[in-house]
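Take the position in the sequence shown, starting the count at 1, then add 2; the result is the number in our numbering.
Hints were generated in silico from the structure; no laboratory data involved. In this text the structure is predicted, and so the values were computed from the model without any measurement. Ideal Cβ placement from N, Cα and C applies to all residues, glycine included. Treat the hints with care, as some may be off.
What the hints assert, rightly or not - List time: in silico DSSO-like cross-link candidates among lysine-lysine, alpha-carbon distance up to 27 Å:
{"id": "1", "residue 1": "Lys-571", "residue 2": "Lys-377"}
{"id": "2", "residue 1": "Lys-678", "residue 2": "Lys-637"}
{"id": "3", "residue 1": "Lys-422", "residue 2": "Lys-511"}
{"id": "4", "residue 1": "Lys-124", "residue 2": "Lys-200"}
{"id": "5", "residue 1": "Lys-15", "residue 2": "Lys-226"}
{"id": "6", "residue 1": "Lys-571", "residue 2": "Lys-262"}
{"id": "7", "residue 1": "Lys-200", "residue 2": "Lys-377"}
{"id": "8", "residue 1": "Lys-522", "residue 2": "Lys-462"}
{"id": "9", "residue 1": "Lys-249", "residue 2": "Lys-262"}
{"id": "10", "residue 1": "Lys-200", "residue 2": "Lys-226"}
Stated by the list, open to error - Restraint ranges, calculated between C-beta atoms of paired labels, are given here:
{"id": "11", "residue 1": "Lys-551", "residue 2": "Pro-387", "range": "53 to 59 Å"}
{"id": "12", "residue 1": "Phe-668", "residue 2": "Gly-582", "range": "40 to 46 Å"}
{"id": "13", "residue 1": "Asp-242", "residue 2": "Gly-336", "range": "34 to 40 Å"}
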Amino acid sequence: MHTESYEVEIGGKKLTAQFTDLADQAHGSVIMRYGNTTVLATAVMSDRKREGGDFFPLTVDFEERFYAAGQILGSRFMRREGRPSDAAVLSGRVIDRTIRPLFDQRIRNDVQVIITVLSIDKDEPDVLAVNAASIALVTSNIPFGGPVSAIRVARQGGTWVTLPPFRVEEGFDVIEGDCELVVCGKDGNVNMIEMGGKEITEDVVMEGLTYASKEIEKLQKFQKELIAKRGKAKRVIELDEISEEIKKLFAEKIAPKFEKTIFAGIAGRADEYALMEEWVTAVKEVEGMDEHIARRYFDDAVNDLLHKKAIDDNKRPDGRNFAQVRPLFAQAGGISPVLHGTGIFYRGGTHILSALTLGGPQDSQLIEGMEVQGKKRYMHHYNFPPFSSGETGRVGGMNRRAIGHGALAEKALIPVLPDKEVFPYTIRIVSESMASNGSTSMASVCGSTLALMDAGVPIKEPVAGIASGLMMESFDQAQGKSPRYKVLTDIQGPEDHHGDMDFKVAGTKNGVTAIQMDIKVDGIPLPILKEAFEKALAARLTILDVMKKAIATSRPDISPHAPKIVVIKIKPDQIGMVIGGGGKTVNEIREKTGAEIDIEDDGTVFITGKNGSAEKARDIIASMTHEYKSGEMFKGKVVRVVDFGAFVEIGYNAEGLVHVSEIASFRIERVSDYLKEGMEVPVVVKETDERGRISLSIKRADKDFVKPRSEPPTRATY
Numbered sequence: 003m004h005t006e007s008y009e010v011e012i013g014g015k016k017l018t019a020q021f022t023d024l025a026d027q028a029h030g031s032v033i034m035r036y037g038n039t040t041v042l043a044t045a046v047m048s049d050r051k052r053e054g055g056d057f058f059p060l061t062v063d064f065e066e067r068f069y070a071a072g073q074i075l076g077s078r079f080m081r082r083e084g085r086p087s088d089a090a091v092l093s094g095r096v097i098d099r100t101i102r103p104l105f106d107q108r109i110r111n112d113v114q115v116i117i118t119v120l121s122i123d124k125d126e127p128d129v130l131a132v133n134a135a136s137i138a139l140v141t142s143n144i145p146f147g148g149p150v151s152a153i154r155v156a157r158q159g160g161t162w163v164t165l166p167p168f169r170v171e172e173g174f175d176v177i178e179g180d181c182e183l184v185v186c187g188k189d190g191n192v193n194m195i196e197m198g199g200k201e202i203t204e205d206v207v208m209e210g211l212t213y214a215s216k217e218i219e220k221l222q223k224f225q226k227e228l229i230a231k232r233g234k235a236k237r238v239i240e241l242d243e244i245s246e247e248i249k250k251l252f253a254e255k256i257a258p259k260f261e262k263t264i265f266a267g268i269a270g271r272a273d274e275y276a277l278m279e280e281w282v283t284a285v286k287e288v289e290g291m292d293e294h295i296a297r298r299y300f301d302d303a304v305n306d307l308l309h310k311k312a313i314d315d316n317k318r319p320d321g322r323n324f325a326q327v328r329p330l331f332a333q334a335g336g337i338s339p340v341l342h343g344t345g346i347f348y349r350g351g352t353h354i355l356s357a358l359t360l361g362g363p364q365d366s367q368l369i370e371g372m373e374v375q376g377k378k379r380y381m382h383h384y385n386f387p388p389f390s391s392g393e394t395g396r397v398g399g400m401n402r403r404a405i406g407h408g409a410l411a412e413k414a415l416i417p418v419l420p421d422k423e424v425f426p427y428t429i430r431i432v433s434e435s436m437a438s439n440g441s442t443s444m445a446s447v448c449g450s451t452l453a454l455m456d457a458g459v460p461i462k463e464p465v466a467g468i469a470s471g472l473m474m475e476s477f478d479q480a481q482g483k484s485p486r487y488k489v490l491t492d493i494q495g496p497e498d499h500h501g502d503m504d505f506k507v508a509g510t511k512n513g514v515t516a517i518q519m520d521i522k523v524d525g526i527p528l529p530i531l532k533e534a535f536e537k538a539l540a541a542r543l544t545i546l547d548v549m550k551k552a553i554a555t556s557r558p559d560i561s562p563h564a565p566k567i568v569v570i571k572i573k574p575d576q577i578g579m580v581i582g583g584g585g586k587t588v589n590e591i592r593e594k595t596g597a598e599i600d601i602e603d604d605g606t607v608f609i610t611g612k613n614g615s616a617e618k619a620r621d622i623i624a625s626m627t628h629e630y631k632s633g634e635m636f637k638g639k640v641v642r643v644v645d646f647g648a649f650v651e652i653g654y655n656a657e658g659l660v661h662v663s664e665i666a667s668f669r670i671e672r673v674s675d676y677l678k679e680g681m682e683v684p685v686v687v688k689e690t691d692e693r694g695r696i697s698l699s700i701k702r703a704d705k706d707f708v709k710p711r712s713e714p715p716t717r718a719t720y
């Protein structure tokens, strides 16, 4: 096998790019290694363009392999990889969002980038995969506007660290520290951000972006050196041009009412869609005109008009100023008492319903993937039914967008959730997009916060989210001048679709908990992001005020329809006794009480049930694990009478002997004359021996309980 390797040092370790003939049918390929984590990236472009398409057909696949973890994973009956895990989908989205803007969007040839994870250790493969994808593309013959580089940084103890190792906790990859940033960029600008933080201020995030940009430049230099050594001549792709006939027809049929329609002052794109269809109808009536090219021309015209009006005339389609948030509405609860918690949130034409369900530890999601293995106690799912955008379409199933939006809302809320020791419930939130006109993901964060508070989950702070946009003129960075631009707060449909940036920021009044940024241009300068942060903070505080009026704090009690969880602690060496051989004992307790029981290795026992079942199971476990001490008083039941005394049950499967001499303060000849099976008697623990046998005394508990035979007791109570 022919091999050429190149290295650069990043984060104190070697990053290696290895070129081989292993995948020599691909148009570009590279094996990237960092530590013991290794990925193979391949890139291929089809020979022919896709007919009838109206978008650039890029596909990014992130392929996990169980062998990469050095384990035989999967289900008991399926020991092979199935559908992509959520982690794989999210990693694929990061790559897609980074490289897609750097292609000419007029290309209609299929481009497929496949990342195959060959091995994984303590270094996450997603950042490695972005760099590998870029290198595979820039060293191929595929036309691509890279290189673009990615880095992960985290703030630990006030210091920024490059490419920190990860660990898995409660079903999530966890980076040590109070802030984690995945940043992609080129030429000093940023073109993709993923961030999770523990209420971090915007200034700290900007510090992280600045630090990450310097690390990215090292990778950019490395990639440019690879291009110089291994780059290939790029294919010349034939692009469809706009004919003069289309331009003339547009000027005649559409232009007179174009601006009035796009800037109608209403929230939504319904009028734009209607005008588009009118344009397509006019095109179809002319022989030889291509409908798809005509649609692209219309789309480009909307894009140009929105940019011109924003930059030159300070005007938005619905008449708002650039910092104005659309009308807000918030409601906690009120849907049905059966639901454990609900939140309804409106921001203009975007309407979200978030529904929360509480369960016990046994309801946590079991994850056994290549990268993440463990139990996940908080899940956030997102649905986007077609009616929410006024369309018909397929219902059910899951797609990358829905997984990504759910994961973003999940990331935003994790920092404010109570610790398991405080609130041991499993939490599932489902956010339903009921009406969509811009950033349903950030509205889902708001609706889910309301649902958490309505359910009585003691969150640390309410979280809100807002999406900002950007209209920026085209510019040549090499000329050294700054572009003219406008940052838009609370983008809606047309601004989201045609704008240059979708900058989502979620957080509390104290700081940021999550960020996600996508762009449609080569990159965004850091000063523009700083301004976007300032406007997002002001909008977030406005939204939090509205949410606070709907519900100021979490309800003091959880819903009566939710299960109750009781937590007790036993000694680790008692776990086997509670479980019993083959789980016999714990299953008997479950059957007897109807409660679910989860026991952790440290002896923490979580008992989940309704209608008092949890308390019943707790009492049984507490009784069977109780270590009896001299002097303790109990009310027991006589279970067996013998010549030398009586055995009295004082707890679950716990009984002791009352010797004949400890029954009464006088001499007793026959025990059966004074004690009968089923009698309830007061007892005190006299002593326990090394084998755990318990000696009890009735007379020390109550010297007058047993009377002489002239006044024999019947069924006494204590």
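Comparing the hints with the structure gives:
no.: 1; hint: Lys-571 / Lys-377; in the structure: 21 Å, holds
no.: 2; hint: Lys-678 / Lys-637; in the structure: 15 Å, holds
no.: 3; hint: Lys-422 / Lys-511; in the structure: 24 Å, holds
no.: 4; hint: Lys-124 / Lys-200; in the structure: 22 Å, holds
no.: 5; hint: Lys-15 / Lys-226; in the structure: 20 Å, holds
no.: 6; hint: Lys-571 / Lys-262; in the structure: 69 Å, violated
no.: 7; hint: Lys-200 / Lys-377; in the structure: 22 Å, holds
no.: 8; hint: Lys-522 / Lys-462; in the structure: 36 Å, violated
no.: 9; hint: Lys-249 / Lys-262; in the structure: 19 Å, holds
no.: 10; hint: Lys-200 / Lys-226; in the structure: 36 Å, violated
no.: 11; hint: Lys-551 / Pro-387: 53 to 59 Å; in the structure: 29 Å, violated
no.: 12; hint: Phe-668 / Gly-582: 40 to 46 Å; in the structure: 43 Å, holds
no.: 13; hint: Asp-242 / Gly-336: 34 to 40 Å; in the structure: 53 Å, violated
Consistency note: the structure conflicts with the earlier hints numbered 6, 8, 10, 11 and 13.
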